[in-house]
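Participant: Residues per chain are reported as follows:
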Amino acid sequence: MSDWIEIGRLDDIPQRGARCVNTPIGRIAVFRTATDDVYAIEDRCPHRGGPLSQGIVHGAEVTCPLHNWVFSLETGLAQGADEGAVRTFALKRDGSRIFMDATMMMAIAAE
Amino acid sequence: MTEKLVVVGAGMASGRMLEHLFEADPGAFDVTLFGAEPRGNYNRIMLSPVLAGEKTYEEIVTHDAGWYAANNVDCRFGGTVTRIDRKAKLIVSGDRETPYDKLVVATGSAPFIIPVAGRDLPGVMAFRDLDDVNAMVAAAGKPNARAVVIGGGLLGLEAAAALRSRGMEVVVLHLMGHLMERQLDPAAGYLLQKELEGRGIKIHCKAQTKAVLGDSHAEAVLLEDGTIYPADIVVMAVGIRPETRIAVDAGLYVERGIVVNDQMVSSDPDILAIGECVEHENICYGLVAPLYDMAKVAARTLVKQDAAFRPVETATQLKVTGVSLYSAGDFADGDDREEIVLRDASAGIYKRLVLKENRILGAVLYGETADGSWFFDMLKKGTDVAEMRDTLIFGQAYQGGGQLDPMAAVAALPDDAEICGCNGVCKGKIVGTITEKGLTTLDAVRAHTKASNSCGTCTGLVEQLMRLTLGDTYNPAAVQPMCGCTDLGHDDVRRLIKAKGLKTIPAVMQELEWKTSCGCAKCRPALNYYLVADWPDEYADDYQSRFVNERVHANIQKDGTYSVVPRMWGGVTSSKELRAIADVVDKFNIPTVKVTGGQRIDMLGIQKEDLPAVWADLGKAGFVSGHAYAKGLRTVKTCVGSDWCRFGTQDSTGLGIRIEKFMWGSWTPAKVKMAVSGCPRNCAEATCKDVGVICVDSGFEIHFAGAAGLDIKGTEVLGLVRSEDEALEHIVALVQMYREQGRYLERIYKWAKRVGIEEIRRQIMEDADKRKAYFDRFVFSQKFAQVDPWSERVSGKDKHEFKPMAELGFPQAAE
Ligand SMILES: Cc1cc2nc3c(=O)[nH]c(=O)nc-3n(C[C@H](O)[C@H](O)[C@H](O)COP(=O)(O)OP(=O)(O)OC[C@H]3O[C@@H](n4cnc5c(N)ncnc54)[C@H](O)[C@@H]3O)c2cc1C
Ligand code: SF4
Ligand code: SF4
Ligand code: FES
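Residue numbers (numbering that gives the first Met the number 0), protein chains in the order written: chain A, 0 to 110; chain B, 0 to 814.
Extracted from the complex, chain A is given alone in its bound form:
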């Protein structure tokens, strides 16, 4: 079951940029790529906690601003030689409106 909550509009996020959503389980980074796809991941680098929302976005990847680990926005996996992963959250778009699936959030909060 999915539970979609509206979090904002596509135009709220710069292309090749990110915005944050504050939630009860912490900060979630919502990215918009050059091709207008949106992805949401935990805003916390598994290396040393860097805010991934502040990294440079290239393709569907982001480079952590603290020590340059690169993560896939789609799978949350660290790329290249680094090992680690961040949680991803499902998003849905209806026109320019962006929705996030709250079930994942609830599941984490229940852990």
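Don't read these hints as lab results, they were simulated from the structure.
Take every hint as true, because none was put in to throw you off.
Pairs of lysine to any residue, SDA-like flavour, derived with a Cα cap of 20 Å:
id, chain 1, residue 1, chain 2, residue 2
1, B, Lys557, A, Leu65
2, B, Lys209, A, Asp10
3, B, Lys205, A, Asp10
4, B, Lys670, A, Asn67
5, A, Lys91, B, Glu254
6, B, Lys586, B, Lys619
7, B, Lys521, A, Asn67
8, B, Lys802, A, Glu5
9, A, Lys91, A, Ser1
10, B, Lys670, A, Leu65
11, B, Lys796, B, Asp616
12, B, Lys670, A, His66
13, B, Lys660, B, Phe779
14, B, Lys798, A, Gly7
15, B, Lys205, A, Arg8
16, B, Lys141, B, His216
17, B, Lys796, A, Arg8
18, B, Lys557, A, His66
19, A, Lys91, B, Asn281
20, B, Lys521, A, Asp81
21, B, Lys379, B, Thr368
22, B, Lys499, B, Ala416
23, B, Lys318, B, Val136
24, A, Lys91, B, Leu807
25, B, Lys798, A, Arg8
26, A, Lys91, B, Ala331
27, B, Lys355, A, Gly75
28, B, Lys593, B, Thr560
Got chain A sorted already, so can you dock chain B with the ligands onto it with the hints?
Facilitator: For chain B with the ligands alone, coordinates are given in the frame of chain A:
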């Protein structure tokens, strides 16, 4: 008795449906066809060639009077249907009622007119039907007529190109960052823009229309940023909206479009709907291919045969003569997706395929689109392309061979392209001399042409030219590529940016044949710097290609909070400034306040959301950003000098402040730290700085290329000058030389080692013309750079950076 079929809308979908219907069962219905336009069905797509004067209206008519008569269609052209009465099963047009057994709604869509002042003025038009085309053609007939086209999508660009070919002056206003953003990625958008600009069409992206100006007729378009474009006609091509008014009034289920099932039947079993007015599985279509599928299904449903409409992929082609552009499917990036990019700068070709698990998901082709349908076919079929992966991008004809040419970018340069910037040597001269004199070594080329004889930045290019002229016999030393996105090194890229006049990141990536569509975190900040440094007045800084510190103008700390360092000119402060800092620290509960190594005060541990408020308070006390986060001028440390110190020979504090005030705000390849000491005792530690000054009785000794970080290195002496003015001029020229030649992230000492201390001394100390030219270029670029980023942000710039997009609690009823 034959059943009565009424069709509302004589457009592309209904015309096709009637053909299928008469084919399947010619006598099944008595057909009445209503159309709001005073004419029958025609090929709307071809209105663009009609507007361009390449076709006539007669050539695009799809169904003529003879066809309607032969099929017994009762035509009511010029008859707008105003009401559907579902109970009585009739429709109303004018004051006539027409009963139906089955009704097909095919009303297409209505152009979207942006709700700005002046939109109703005569001269403002859409691009949807023949009347619009006639109005545009009439306007283009007047001498020196000007058109503003709002919307840089398919429709707007076809209109713009057609009007331009009729001799109008044309401006295209586009809201987004690049043209046709729904079908094209930025790289292809760049090529398209270049092509259209080459035809004399002015393109203005990121344009927010504020109003159409004029008294009794449109006269100009005003943008939010204050720009005004005069216009005799204003063409709005910003999008379409399904035309659903009569369906809504009749109480049919309508979302964005009239909702239909797979059989094209609406929420009323006797009413079908097809075309752009329809919504099927949450999708509204705006291209004819799927509408034709709908037409076929609807015809079958009407004669009670089984048929089902399924969502389809669509492909787009821009119908502008001389432009080849094709886009299909989904070309977004994704991690489990791979892209194959082919760029041919000399031929203006860009091709990009997006693959997932060896199947094509999307394709963007520019310049050469012959393989579009081949790719699209494999896309629709989900063909496994693993076998031909390596050569796929070369197209169908190419299966089996083909290699990319790494030297294409250099080969494509015109003969007069300047290769060596220091000595002004062009490509033709180098190639000519190599052949004429039979040169075979780099040193010989240097000796004869002077190319790459000075700073050496262009060595890589000169070597490539030698390779090009001499063939494989010449083997240049391998250059270290900038990153995985290109084979070119930093120096090659810098020289080519200048030689080819490349002024945007997409332009660099296309012309230098980048292997990725969007670059990476290594090359993007470097390119952004090179463009800022080379085209200070023309290049629009790309914030998304800057590291976070330079984007939010503060230093990110290990816990994700930020630190803020205001400028303290020359390290001098006052009670008023200190009090203001103390107040800010209290007000925002700033956990740590620390004196930095650069003689200023650092406030650490500030939440990102608080930054604008912190800056606002600091700004009120007169503080500006200290750029403690920038690859740019950081600090100028000073000692108290002749003002206070008994050993002081000159006003070192005053000179330091003067230098800092002159140079702040400038971007450099890596950070630049300076210092001025009032005597050789050197209390300001000027001899380990990027640039330092030691004051002596006879003047000012300028030092540079020191380091006190990972490496430790004393400075080199550039030379001695007599006056403060001279000191400033020499220092500025030196930094400008570094700005023009340095590789991104290369500190001055590394640059100096690469280029040679002697060469730098020669250009700055001995060659007065060179020095003056460097100085002037720096001064020019400062005009655009000396803007305090903090006050900009306090007044609202990049607001989005500092606020979360949303605050979520737990959903209420989710237990
Ligand atoms: C300039 C231009 C270029 C295009 N180029 C392409 C292209 O290259 N490729 C592509 O695939 N598509 C293209 N399109 C889009 C394509 O033309 C449309 O998708 C297609 O025409 C839609 O067909 P339709 O039958 O749904 O609507 P339409 O063809 O618009 O027909 C609807 C008709 O219904 C009439 N109508 C509306 N309301 C009523 C009413 N209440 N009573 C009576 N009549 C009514 C309208 O006047 C109109 O004549 C282009 C469109 C334009 C304008
Ligand atoms: S450097 Fe010389 S002038 Fe400056 S404070 Fe030290 S001793 Fe005095
Ligand atoms: S010396 Fe190292 S730890 Fe200290 S501030 Fe500089 S980078 Fe950080
Ligand atoms: S915290 Fe992200 S790479 Fe170190």
